[in-house]
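**Q** Add chains B and C to chain A, keeping to what the hints say.
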Amino acid sequence: MKSRILFLALVIFLIPAQGFAVSPDEVLDDPVLEERAREISKGLRCLVCQNQSIDDSDAGLARDLRLLVRERLVAGDSDEEVVNYIVSRYGEFVLLRPPFKLGTLVLWLGPLFLVLIGLVSIVIFFRRNREAVDRKKATVLPLSDMEQRRLRKILKERVT
Amino acid sequence: MSAELGHFALILALFVAIVQATLPLIGAQRNYAPWIALSKPTAYCQFALVAISFASLTHLHVTSDFSVLNVVQNSHTAKPMLYKIAGVWGNHEGSLLLWVQILSLFGAAVALFGANLPPAFRSRVLAVQAMIAVGFYLFILITSNPFERIMPPPLNGRDLNPLLQDMGLALHPPMLYLGYVGFSIAFSFAIAALIEGRVDAAWARWVRPWTLAAWMFLTAGNALGSWWAYYELGWGGWWFWDPVENASFMPWLAGTALLHSAVVVEKRDTLKGWTVLLAIIAFSMSLLGTFLVRSGVLTSVHAFATDPARGVFILALLIIVIGGSLALFAWRGPQLKSGGLFQPISREGALLFNNLGMTVAAAAVLLGTLYPLFLDAIGGSKISVGAPFFNAVFIPLMIPLIIAMAIGPLLNWKRGDLIPALTRLKLVFLISIVAGAATWAMEMDGPFMGVIGIALAVWLGASTLAELAGRIHLFRAGPAETLRRLGRVPRATWGMTLGHFGLALAIAGMTGAASWKVESIQAMKPGEMVNVGGYEFTFDGAQQGKGPNYDIVTGKFTVRRDGEKVVDMLAEKRIYPVRNMPTTEAAIHTMISGDLYAVIGDPEGADGAYVTRLYFNPLVVWMWIGAIVMVLGGAISVTDVRHRIGVPHRRRPATAAKPAEA
Amino acid sequence: MVGHISAIEDQGAAYGNEPKKSRLVFIIPIVLFSVIAVAFAVGLTLDPRKLPSMLIGKTVPDFDLPPVEGRKLGMSDEDLKGQVSLVNVWASWCKECRAEHPLLMDLAERGVVPIHGLNYKDKPVDAQNWLDNLGDPYARTGADRDGRVAIDWGVYGVPETFVVDQNGKIVYKHIGALSASIFDEKILPVITELNGNAGRVSQ
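Residue numbers (the working numbering), protein chains in the order written: chain A, 1 to 160; chain B, 1001 to 1662; chain C, 2001 to 2203.
Isolated chain A, as found in the complex (with noise of 0.2 Å):
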């Protein structure tokens, strides 16, 4: 199947993205290995489409990464060094987990900082609620005795 490769925004339509992906004759006759090149694929980005996995992608540039995944664990190599090989090739662009570097410690950061600023927030608003509180308090004026023997009263009624 050709696949035709738009260049230079050229108008993008909805590239057909089948999920013909894996197909019988790039499967491994062993399991193990199958399951390890299925994994890598689906964590390598297809650089021809818009979004998706060497996995999930009918691209010929993708079905070409699959066979080239599947021959370099048949060949040996650990899941870390089939990545790195096609990283060197193409950058970390490809990774579609990004890399936890110096570059990226925002992004990866970011939501555990967002959460903590969250929690500190809520921790001043509700110190700030109690403050309010404690100011109105003070200009209360005190109970009468008839209003304290009321109040007791009241509230004996509303346990029972």
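Hint data in this document are derived by calculation from the structure and do not stem from the laboratory. Wrong hints could be hidden among the right ones.
[Unchecked claim] Cross-link-like lysine to any residue pairs, in silico, SDA-like; alpha carbons within 25 Å at most:
(1) C:K2186 <-> C:N2167
(2) C:K2058 <-> A:Y85
(3) C:K2123 <-> B:Q1343
(4) C:K2058 <-> A:V83
(5) A:K137 <-> B:Q1343
(6) A:K153 <-> B:D1417
(7) B:K1267 <-> B:N1116
(8) A:K42 <-> B:M1444
(9) B:K1337 <-> A:A132
(10) B:K1414 <-> A:L33
(11) A:K101 <-> C:K2186
**A** Just chains B and C, lined up with the frame of chain A:
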């Protein structure tokens, strides 16, 4: 003639919008009644004009008028009528026309149903709506005119992308836009409130039905999109964390947070700044989505044709609308006076916690979506942020929220007691543990997240039912009393119950589909059998055929389980000759426990063998059912009579404390 | 009377000296948005689909390919040493390659720089016909039938053009079709500098 009429109507709508955006606003400021009153007729007029424009474009498509460029690019005489109509919005220009159609629809709806709003406030709301509309009319008329002619007219069109010639996808944009664009009302309400310098319980009550309506449609639109991807793309995937998918998920998260936050404003007269900000954010996310799809800044399967001029224009629009509203927020926000107070452990506290969770989740998704752009813009390396990142970040954020969702509704307003609430959930907790254990027992080789997912789904679902049971005094009073109480449950409460329960169902579905999917890819000769997840698929051969504008290869499968026949399945592969594009129509048999899913591929070899992909996707149907239940909850809640109450006036507070109310 | 306390709690601002809300917090959203807007503005000038090459500054990968049908000279990594050259990745099924072809012919005729062609995933007959009918600007050709050599070069589409220096190091990569202006502005200066540095270690 139709094209010129449509074009002209749009230009007129622009002028009406300019009037609507200015005079009523000045009128409200100066308390000049005639100008305030202008907002209603202009809103109706705008809607009518855009409707004429939209009708013209539809007419052009339906009659296959190939003198119009938009029709040429997206239609074909052989295309079925349904898709001639759907083709109107299946492209950049037409979809923008749909955008303003829905924008003006909501504006007219506020004019029509907004009798409970004070006139000055309503006119401000409609003025803001009109301002947004002006931006979009200018965008359409200047850069994306659907009525452009092409001379000489070609004999036939380029057909609509075959992937879009599908029922689910035909409905997906209108539904999604009703949601997206619907949040413009909440946005306008927020801006109007900021202009007036006042956010109060009344405002929170007014904003709720509109936000609910938009939320309902957005839920449905997202679900439709996922459902479409599931049955069309051929391998059962339903969410890819694609930038534009994210762009319609973030408004949903913000909108959900807004719904919950508005309740606190209404009850306690506090969290105003947050709620107003959420209303601004929800719609801003919608606009962001518009930018991402049409500017070419990010790669996405959803991208329309890109054009730098369009990108610049939308960015300008974004800066004016979002920047302007956030500037207004920065200026007027501090003046919003906070009212009541509440304890950390209380219903309001739980809602605040929800606020936090949803907002951080939306921010995390935004961060992941835009990060490649940021890094590239500052000269760093090009990286991808794909599903692994989003799953790693989003799921852990959701888990505490889901746990809290069970507890929140059981807490009292203002001052809640955690221990009694947790005690009430003892049984629910037990059931969840049992469910988790049972899942683990059944799928010991599967991912542990699957067990967690099911346990959480049961936790949420059972607790929601338990809360309802408590409310209607099930098993505590007689059946008559229980039924009476059931009838008296307020609609808004039904909304909450169904909303949460629907989510529980959806979580179960998502967990099943993501954790225990069984896949089998092979070449099959007629008569061969493959076992997939306990089901035996026998390939009965393939046949060629012809459809209205495509050629078909149909593969037939017989599925048996334990020797007994379950179903016959017909899978198709279609080729659309005009664009030379193939599509898959998978055969799907839906059961409670999961879907049987069969795909026929290319022929292999000479003896009638074909590549086949066979799947068992567990629990998938629960996702769609869950979404429907959530939408139902929203629909019931919208119709709550209490939303139609006008400006409330404070009643003298009662002497004794009232029992907790929804 | 009993409601006194809770009523006071409720009517917050009416009674209290409430601390001034920190204005700073309200400014955060617009500040964040400004950052995003700037990023978008810059983003409009970028192309998210253009990947910078990982091989810049590295020696060409080891390879040895037979020539395209009907040509005599194949291509290997050794052949790329000794002079500055262009390696152009092309295919007969590629529209953009058609667009840049006249420029390549012109460059070849003027002898500006030797151009070698890496034929990517093409049928032998198709590639042969292309060169026979349209003209052959290539000093050497390499028929990469299965695209494996191209993967080693980090190729992910056609056309792409590499500038290789005298020592066989990849110095520059252009993605997409070449045009006269792109060549003059981007590629020619690189070639000129490399030729000027002949004899010295480049970079």
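**Q** The structure should be examined with respect to each hint, and the outcome stated for every one.
**A** Okay, the hints, checked on the actual structure:
no. : hint                : in the structure
1   : C:K2186 <-> C:N2167 : holds (21 Å)
2   : C:K2058 <-> A:Y85   : holds (15 Å)
3   : C:K2123 <-> B:Q1343 : violated (75 Å)
4   : C:K2058 <-> A:V83   : holds (19 Å)
5   : A:K137 <-> B:Q1343  : holds (16 Å)
6   : A:K153 <-> B:D1417  : holds (23 Å)
7   : B:K1267 <-> B:N1116 : holds (19 Å)
8   : A:K42 <-> B:M1444   : holds (23 Å)
9   : B:K1337 <-> A:A132  : holds (13 Å)
10  : B:K1414 <-> A:L33   : violated (58 Å)
11  : A:K101 <-> C:K2186  : violated (32 Å)
Going down the numbered hints, you'll see the structure goes against 3, 10, 11, while the others check out.
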